[in-house]
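Asks: Here this note's numbering is used: the first residue of the sequence shown is 18, the next is one more, and so on.
Hints are computed from structural coordinates only; laboratory data are not their basis. The structure presented is a predicted model; accordingly, all values stated were derived computationally and were not measured. It is possible that part of the hints are untrue.
[Unchecked claim] Distance windows between CB atoms, simulated: (1) Gly52 with Val273: 37 to 45 Å; (2) Ala222 with Gly310: 31 to 39 Å; (3) Thr247 with Arg91: 20 to 28 Å; (4) Leu340 with Pro256: 49 to 57 Å; (5) Gly310 with Ala249: 50 to 58 Å.
Note that the Cβ used here is the ideal one computed from N, Cα and C, for glycine as well.
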Amino acid sequence: MTLAALELNDQSLLIQADDGTLHAESGFARLTPDGIITGEDAHAVAWREPQHVYNQYWCHLNQAPLAASQRLARHHGDIAFAQLRGLWHSVGAPESLMVAAPGSFSDEQLSLLLGMIEALPASAVAIVDSALAACLPEERETLFVDMHLHQSVLSLCRPQGGELRIVAQEVIPDLGMLQVHNTVARHISHLLIDSFRFDPLHASASEQSIHDRIPAWLTRLRWDDEVADTLASEQGELPFILRRDDIQALVGERLVNLRSFVNRHPGCRLLLAHASGPLAGLAEEFSEADVAGQSAAAEHCLSHHPLILEQAEGVYRITALRLGTSLGPAVENDQQLATHLLSGDRALPLRRPVS
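Using the sequences and the accompanying hints, generate a full structural model.
Replies: Structure follows, in structure tokens:
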């Protein structure tokens, strides 16, 4: 049986086969007379051809008719299926799929997804909550931040007594990476209007250029206080400077609900999904957070697949998993026992022999 793990985050939809073959692409789709183009090729024209490009079909996965009639797609489900089929073929059309699905997916959406997988044709052998999949190796309480294009899912994973379980979860709508990018794009627009009386968001070419380059700018701002660059226009190359403090202040206004969840669970390890990594440079509270590897959730699903399949009773979203060894601290009379020995600036786990 050939097996692959599929992680559903429309910032970067990722599939990895058990032979290590991996493919990832963004949740953008361009509808053309000849077919549906997905991923980066669609993103590259999303602001040039907004009437032909879709990016909400995973967030709003359904079979409601599209607002504008399309020959090759009746609804979001058709567009998502086209991308799913491309991902599946990119790793050799495996017979079986393990799916890491976010907590934002409703039962109806999961049911539609299962039908899509069956139509590939493939078999969905398990659906694991994305947060649980990402946190499977964790041995301490972890708050996992999973930002998608249009929403964010926050999950608290707690290991205890040989089990890892999601004990709290919140979906924050309208707080996705695309909203962050739009905030940065508007800031650049204001800078260029003030300096040159030029609004780049009123020209599709310059708007596309801004959105193509925002990810790199945000990455640089994680390490640098400011980034200087230029934008092509009819007036020539227009210079501007992005300052980290300004971006943090602007984006910070959108992070109120996210901060509220984090503040309700102090003392946890903060783990950002790979696609959520820019938050480390956008908000002070995430500056020391760990960032998961790009394929962490998929790799954990594959490496733990015998254990997952053993406990999967039917295909439903798994939010708790019994593991082979005890995870988390032992508890007696509601008092947490010592788990580490402090030696200088090191914390040595008591469960591991020390010579």
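Asks: Would you mind marking each hint as holding or not holding in the structure?
Replies: Structure-based check of all given hints:
1. Gly52 with Val273: 37 to 45 Å: holds, 42 Å
2. Ala222 with Gly310: 31 to 39 Å: holds, 35 Å
3. Thr247 with Arg91: 20 to 28 Å: For Thr247 and Arg91 the Cβ distance comes to about 43 Å; the hint is violated.
4. Leu340 with Pro256: 49 to 57 Å: holds, 54 Å
5. Gly310 with Ala249: 50 to 58 Å: violated, 35 Å
When held up to the earlier numbered hints, the structure conflicts with 3 and 5 and fits the remainder.
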